[in-house]
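S.K.: Residue numbers (our numbering), protein chains in the order written: chain A, 1021 to 1118; chain B, 47 to 320.
Among these hints, one or two may not hold up.
[Stated by the list, open to error] If you only want the chain B side, here are some residues facing chain A, beta carbon under 8 Å, derived: (1) Ser107; (2) Val126; (3) Pro204; (4) Thr206; (5) Val259; (6) Val267; (7) Ile288; (8) Arg291; (9) Val293; (10) His296.
[Unchecked claim] For each label pair, taking beta carbons as the anchor points, the in silico distance ranges come out as: (11) Val88(B) <-> Leu1114(A): 31 to 37 Å; (12) Ala1086(A) <-> Pro87(B): 17 to 23 Å; (13) Asn1063(A) <-> Phe83(B): 33 to 39 Å; (14) Arg1093(A) <-> Pro49(B): 19 to 25 Å; (15) Ala1111(A) <-> Pro87(B): 44 to 50 Å; (16) Arg264(B) <-> Thr1064(A): 31 to 37 Å; (17) Leu1053(A) <-> Val146(B): 25 to 31 Å; (18) Ser1060(A) <-> His296(B): 27 to 33 Å.
[Stated by the list, open to error] Which bits of chain B does chain A cover? Going by a derived footprint, with three or more residues having C-beta under 8 Å, they are: (19) 68-77; (20) 85-93; (21) 273-285.
Source of the hints: derived by calculation from the structure; they are not laboratory data. For each residue, glycine too, the CB sits at the ideal point set by N, CA and C.
Now for the letters of each chain:
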Amino acid sequence: MGERSRTRWTVRTLTVGTVAAVVFFVLAFVLGLADAGASSAANTMGVVALLVLLATPAAGLIVTSAELWHIERHAALLALVVLVILAAATAAALSGLH
Amino acid sequence: MLPLEALALLAAVGAGAFGALVGVGGGVILVPLLTVFLGVPVTNAVAVSLLGVIAVSTTASASYLSGGLVDRRVGLTLLVATALGGVAGGYIAGYLDVRVISGLFGVVLVAVAIQMLRSHGRPVVVPSGDPLRFEFDASYVEPTSGATIAYRARHLWPATFVSLFAGALSGLLGIGGGVVNVPTMNVLMGLPIRVSTTTSTYMLGATAAASAVLYASRGEVDLALAAPVVVGVFIGGRAGAIFQRRVPQHALALSFAVIAAFFAVQMLLRTVNG
């Protein structure tokens, strides 16, 4: 199996996530410039963009793990371990344990 | 467009291109530009910069993964240590004298810059490996020549320890991991400089996201500023990823050595000034 096919879904996930975040940020910015009445919509769009961008690396790790599961089990497990560490650290920090 | 947003967009394009090129993400350029030249408060600049690092990482990584330039086994192995170190660094930050750590880090970076200039980014060739050691054999196609370059990722355990330390430094000092990841892979593990920079870029997104969540939860992300920065680094990151394939390895090593020297000066100044 070639390198390109082994990374296809990770590449798609990262690309779609980043492009979606950029599109939402552009929409938020345009709405913000439009007029004061659209500021609520602009803020909502900005928050959506932020969430999509923050979730993209984690989604990439999940897809990487699935992609590598039958090829390089060790690397697939490492991707999951990273995900668990980041999730635990984030949860602990958000709940004020830091 | 407002002048601040327009300037932030331009700064982000440059930071994204350079960050993708040398594997440091771009925060090292964005934060000073936003704070010193555009007058953005440091906390907001760091928060927005982290979003920029995520965008550089995801944008450029997609390109590097497609080209087979990322060593995912090495990247994920080191990422475990970096993530653990980052958590530890955040917890022990209040118990250590950061000036001493900054000074040590600055001295190490000077040595790294000199070593990378002397080796021109070339890995040490290891003719045969020890099967009892935890080593990775891999190869990639060098974009500038079309030649298949085989290499062996050596010293995985020492590198993992350094990555743990790098993660802790990142948590303690608020520096990006790329400035440690790249020389760890190139100088210590023997990976080619091209694979080191691309794999570092691949690693940066996840760690930056973990930190960015904290800033977002505290309401420190200025969405009006984030929009031009993320759009800018997206454009710059794509351009940097394309340009990276055309840049010779010795030029990459030289670029990174300049970045390492810049970081070293900053760390040593922090030690002196407190």
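S.K.: All hints, please: hold or fail.
M.R.: Going through the hints against the structure:
1. Ser107: 6 Å, holds
2. Val126: It holds, given that the least Cβ distance between Val126(B) and chain A is near 5 Å, below 8 Å.
3. Pro204: 18 Å, violated
4. Thr206: 11 Å, violated
5. Val259: Nearest chain A Cβ about 5 Å off; hint holds.
6. Val267: 6 Å, holds
7. Ile288: This interface hint is violated because 14 Å lies over the 8 Å limit.
8. Arg291: 15 Å, violated
9. Val293: 21 Å, violated
10. His296: 25 Å, violated
11. Val88(B) <-> Leu1114(A): 31 to 37 Å: Given range 31 to 37 Å: violated, Cβ gap about 22 Å.
12. Ala1086(A) <-> Pro87(B): 17 to 23 Å: 41 Å, violated
13. Asn1063(A) <-> Phe83(B): 33 to 39 Å: The hinted range 33 to 39 Å is violated for Asn1063(A) and Phe83(B), with Cβ atoms some 27 Å apart.
14. Arg1093(A) <-> Pro49(B): 19 to 25 Å: 53 Å, violated
15. Ala1111(A) <-> Pro87(B): 44 to 50 Å: 27 Å, violated
16. Arg264(B) <-> Thr1064(A): 31 to 37 Å: Violated: the Cβ-Cβ distance is about 20 Å, outside 31 to 37 Å.
17. Leu1053(A) <-> Val146(B): 25 to 31 Å: The hinted range 25 to 31 Å is violated for Leu1053(A) and Val146(B), with Cβ atoms some 48 Å apart.
18. Ser1060(A) <-> His296(B): 27 to 33 Å: 53 Å, violated
19. 68-77: Violated - the segment 68-77 of chain B has 0 residues with a Cβ nearer than 8 Å to chain A, which falls short of three.
20. 85-93: Coverage by chain A is violated here, the residue count being 0 at a Cβ distance below 8 Å.
21. 273-285: holds (count 5)
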